[in-house]
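J.: With the hints as constraints, model all of the structure from the sequences given.
Offset between the sequence shown (1-based) and the working numbering: plus 338.
Simulated from the structure, these hints should not be mistaken for lab results. Among the hints, erroneous ones may be present.
Calculated lysine-lysine pairs in the DSSO-like style (CA-CA distance at most 27 angstroms, straight line) [to be verified]:
| no. | residue 1 | residue 2 |
| --- | --- | --- |
| 1 | Lys472 | Lys406 |
| 2 | Lys455 | Lys406 |
| 3 | Lys464 | Lys406 |
Just the calculated beta-carbon pair ranges, DEER-fashion [what the hints assert, rightly or not]:
| no. | residue 1 | residue 2 | range |
| --- | --- | --- | --- |
| 4 | Asn361 | Leu469 | 13 to 21 angstroms |
| 5 | Ala355 | Pro467 | 29 to 37 angstroms |
| 6 | Ala436 | Trp387 | 24 to 32 angstroms |
| 7 | Thr389 | Thr439 | 16 to 24 angstroms |
| 8 | Ala355 | Ala435 | 26 to 34 angstroms |
Because the structure is a prediction, the values reported are computed rather than measured. Backbone N, C-alpha and C define an ideal beta-carbon position, used for all residues, glycine too.
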Amino acid sequence: MADNRQTTAPSVEMLAAFSDAWNRHDVDALMTFMTDDCVFETANGAEAWGTRHVGREAVRTAFEAAWKNFPDAQWRDGRHFVAGDRGVSEWLFTGTAADGTRVEANGVDLFTFRDGKIAVKNVFRKDRPRLPPKA
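T.: Here it is in structure tokens:
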């Protein structure tokens, strides 16, 4: 039986490409980085871990929700680090909600890798008041 696991080690370049896919709003590209049993933990939610999405379909839907809530969403000023099976991306999130209010907040993604792909993406973002609409 063939072993189809990706054997490429996670890298800073991989996280930069993942970030670029977020900024293009390209969910198909994002999902190529994720394991089949991936987990996405959002910054918001009633639980201590935020909201947890498990499995490719749930994670894909949650990723797409970011662009529905903030159609101009961008993750800027990315800085990426990888150490073994763990990684970190730092960024400045900017986005405009449907009511015109804006979000600008620093955040980080903590990653756990398995077989060269992202098994867990855990998001942390500063909790700032929304900014008024641009004039």
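J.: Given a hinted range of 29 to 37 angstroms, is it respected by the beta-carbon distance of Ala355 and Pro467?
T.: 33 angstroms, holds
J.: Is the straight-line distance between the alpha-carbon of Lys472 and that of Lys406 27 angstroms or less?
T.: 19 angstroms, holds
J.: Just tell me: holds or violated, for the beta carbon distance of Asn361 and Leu469 against 13 to 21 angstroms?
T.: Check passed, 20 angstroms falls within 13 to 21 angstroms.
J.: Checking one constraint from the list: CA of Lys464 to CA of Lys406, max 27 angstroms. Satisfied?
T.: 20 angstroms, holds
J.: Just to be sure I understand the hint, the distance between the Cβ atoms of Ala436 and Trp387 should be within 24 to 32 angstroms; is that true here?
T.: Once the Cβ atoms are compared, 27 angstroms apart, the range 24 to 32 angstroms for Trp387 and Ala436 holds.
J.: Confirm or reject the claim that Thr389 and Thr439 have a C-beta distance inside 16 to 24 angstroms.
T.: Distance hint for Thr389, Thr439 holds at roughly 21 angstroms.
J.: Mind checking the hinted window 26 to 34 angstroms against the Cβ distance between Ala355 and Ala435?
T.: Check passed, 28 angstroms falls within 26 to 34 angstroms.
J.: Is Lys455 close enough to Lys406, meaning Cα to Cα at most 27 angstroms?
T.: At roughly 26 angstroms apart (the allowed maximum being 27 angstroms), Lys406 and Lys455 satisfy the hint.
Checked against the numbered hints above, the structure breaks none of them.
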